[in-house]
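All chains, please: the whole structure from these sequences, using the hints.
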Amino acid sequence: MNDTLLWYTTRGAGAVSLLLLSAVVALGVLSAVRFEAPGWPRFLTAAFHRNLSLTAVVFLALHVVTAVTDPFAHLGLTVALVPFTSWYRALWMGLGTIAMELIAAVAVTSLLRRWLGHAAWRAVHWLAYAAWPVALVHGIGAGTDGTADWMLAIDLFSAGAVVNAVVGRLLGPRPDRMADARARFRATVRREVTR
Amino acid sequence: MNLFDGPDPRAGAESLADHERRLGPLPPARAGLIEAIERSGLLGRGGASFPVGAKWRSVAGRSGGPAVVLANGAEGEPLSRKDQLLMWARPHLVLDGARLAADAVGADRVLLYVGEEHRSAAGALARALAERPAAQRRGFAMVAAPARYVAGEESAAVHLVNDGVAVPTATPPRPYERGVEGRPTLVQNVESLAHAALVARGGGAGTVLLTVAGAVQRPGVVEVPAGTTVGEAVGRAGGASASPRAVLVGGYFGAWLEVGEAWRLPLDPAALRAAGGSLGCGVVSVLPASASPVEETARIMRTLAAESAAQCGPCFFGLRALADACGRLAARRPEPDDLLRLGRWSAEVRGRGACRHPDGAAGFLQSALRVFAYEFAAAGGAGRRAAA
Amino acid sequence: MTISIDRTRCAGHGLCAELLPELIRLDDWGYPIIQPGPVPEPLAAHARRAVAACPALALRLSQQTPRFDSGTSQRPSRR
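Residue numbers (our numbering), protein chains in the order written: chain A, 22 to 216; chain B, 5 to 392; chain C, 54 to 132.
Worth flagging that the hints you see were computed from the coordinates, not collected in a lab. Some hints here could point you the wrong way.
Unchecked claim - Take a look, some chain B residues computed to stay more than 10 Å from chain C by CB distance:
| no. | residue |
| --- | --- |
| 1 | Ser-44 |
| 2 | Pro-82 |
| 3 | Gly-207 |
| 4 | Val-263 |
| 5 | Arg-306 |
| 6 | Arg-356 |
Stated by the list, open to error - So the derived label-pair ranges between C-beta atoms look like this:
| no. | chain 1 | residue 1 | chain 2 | residue 2 | range |
| --- | --- | --- | --- | --- | --- |
| 7 | C | Pro-89 | A | Thr-76 | 37 to 43 Å |
| 8 | A | Asp-197 | B | Glu-262 | 51 to 57 Å |
| 9 | A | Asp-197 | B | Ala-145 | 35 to 41 Å |
| 10 | A | Ala-144 | B | Ser-124 | 31 to 37 Å |
| 11 | A | Gly-189 | C | Arg-101 | 31 to 37 Å |
| 12 | C | Met-54 | B | Ser-294 | 52 to 58 Å |
| 13 | C | Arg-101 | A | Arg-110 | 32 to 38 Å |
Unchecked claim - Example chain C residues on the side facing chain B (calculated, C-beta under 8 Å, incomplete):
| no. | residue |
| --- | --- |
| 14 | Thr-55 |
| 15 | Asp-59 |
| 16 | Cys-63 |
| 17 | Gly-65 |
| 18 | Arg-78 |
| 19 | Asp-80 |
| 20 | Trp-82 |
| 21 | Tyr-84 |
| 22 | Ile-86 |
Glycine included, every Cβ here is placed at the ideal spot set by N, Cα and C.
Below, the structure is given as structure tokens:
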């Protein structure tokens, strides 16, 4: 296998998966706030979020597999599975491993959502908010292009999209207008369970 | 054989000894009890009027471990007093019925679910329970029901016991299939259980407990023979205290009836259903001609909306919107579409909650729109006149 | 095939009505009104997509008629 090809694929797939991941996080936030616009129904946000996340996982897999199998870098499978075990830039690579594992958890639980139930799925899904910044920082610190202009531009654009969406969510009204009343009512009918 | 035979119910409960002297001991468990209940035609007194024998049979017939009996004395209906009085004055009848039900359906646990605000009743039931021999109170426990309307709903009662929160759950499965601890659970109103205790002793299911309220001389609980008319029931409470306009039968979950159509109507579930009403929990409340029907309806709708568990959007938002529209009509400041909305929204909320709370409220409002059509139209017209 | 809904999970996201407008419409507060009865065969695939799309997992497809709530406003009240 052409070593340079593997190396370029690792870098390219990494950049693409970061871009996609950022789009996915932004779309996830838009889903939560129930964004819609003329010509953009709500199911479109959900469908994009799902499809792009699966695409991102594919590119992430490509990124990890090519990095691990690249004989020049000789990182080895352990690096991909156990954080901070890389001989090369252990901290930054470790962050990458962590981000990948968080994303894997989110992806697997999402595929099995119907069997896991809503509560368990949701609890794991919050990890996406941890995975994204960790992946971003991994990209800046671990990659050979980490601080290249074009890479930083991608980073900035991606970060901008995500921050924009999140701030919008934090500042906006609660989409579920019944949630407070529901919690208040439940508090009035909650009692100790005696067996 | 009546529930309130024997000493004056206002004097409180008899001792177990007096109870057994008067009625005989608790009949032993026997195979034919469910048939006897079915033959007696006993209907549930919790509001749905479901045949009691059929309910026991369906729980008895299920696999899934030993069953559970939940005696429902929550009585969250604000106008109703019959269950509280029954538990306070005849707790041994309730306990007899619960024990018989447990034996008939193969239950090893009996939960006495009493509204936490009905403290005298709970106290009387607890004292009576302590008097029972160990064999008869094996597996019995008292559970306090939160003082909210939906806490008395059967899936809410089961949910409280299982998870500590008295909100209705989505069904299926219904409690008789999988209830407390996943076991088949018989949720039965305390009055139904008391009647069952009389049926087991050879009595019939011949009487009904009613709470007569509103513009009557002596509001309170009366025990009347089956088939008693509304007018006769009001007579037992001393008659109307003012010229009556309408009667609310079944409580907030029931329906208004014009006094003319209501007075000679027998208070049994079939006759009331045919007349567009329901017996419900047996509340008969007289509305005097001097009262404002629209205001009274709005007040009750506000209560029902506030008692929504806020789990299901159509109920939470729908009842609130209906109550607000009624309020505007009552205040003579309606929006142009309010009358139309009342009709549309009340049709739309039916069947779209996890429990029957929105259905009850919608049914109540629809009966008001029918019986008080004139007053509602006049209130709706007020808006148009003001806008003109 | 019928659609059943867990009303306590439904949070009014409205994706179901977008994906199956023939059978599902939204009320004034964004909650679904589902036509009762079996799903016509030509709409089966759309029904499956609508059920899968619910963010709250409130919808379910069953092969037999549900005994209780079918998510409609046309059922007679059980009083």
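Exercise. List in ascending order the numbers of the hints, as given earlier, that are violated by the structure.
Key: Going through the list in order, the structure violates hints 6, 8, 10, 13, 14, 18 and respects the others.
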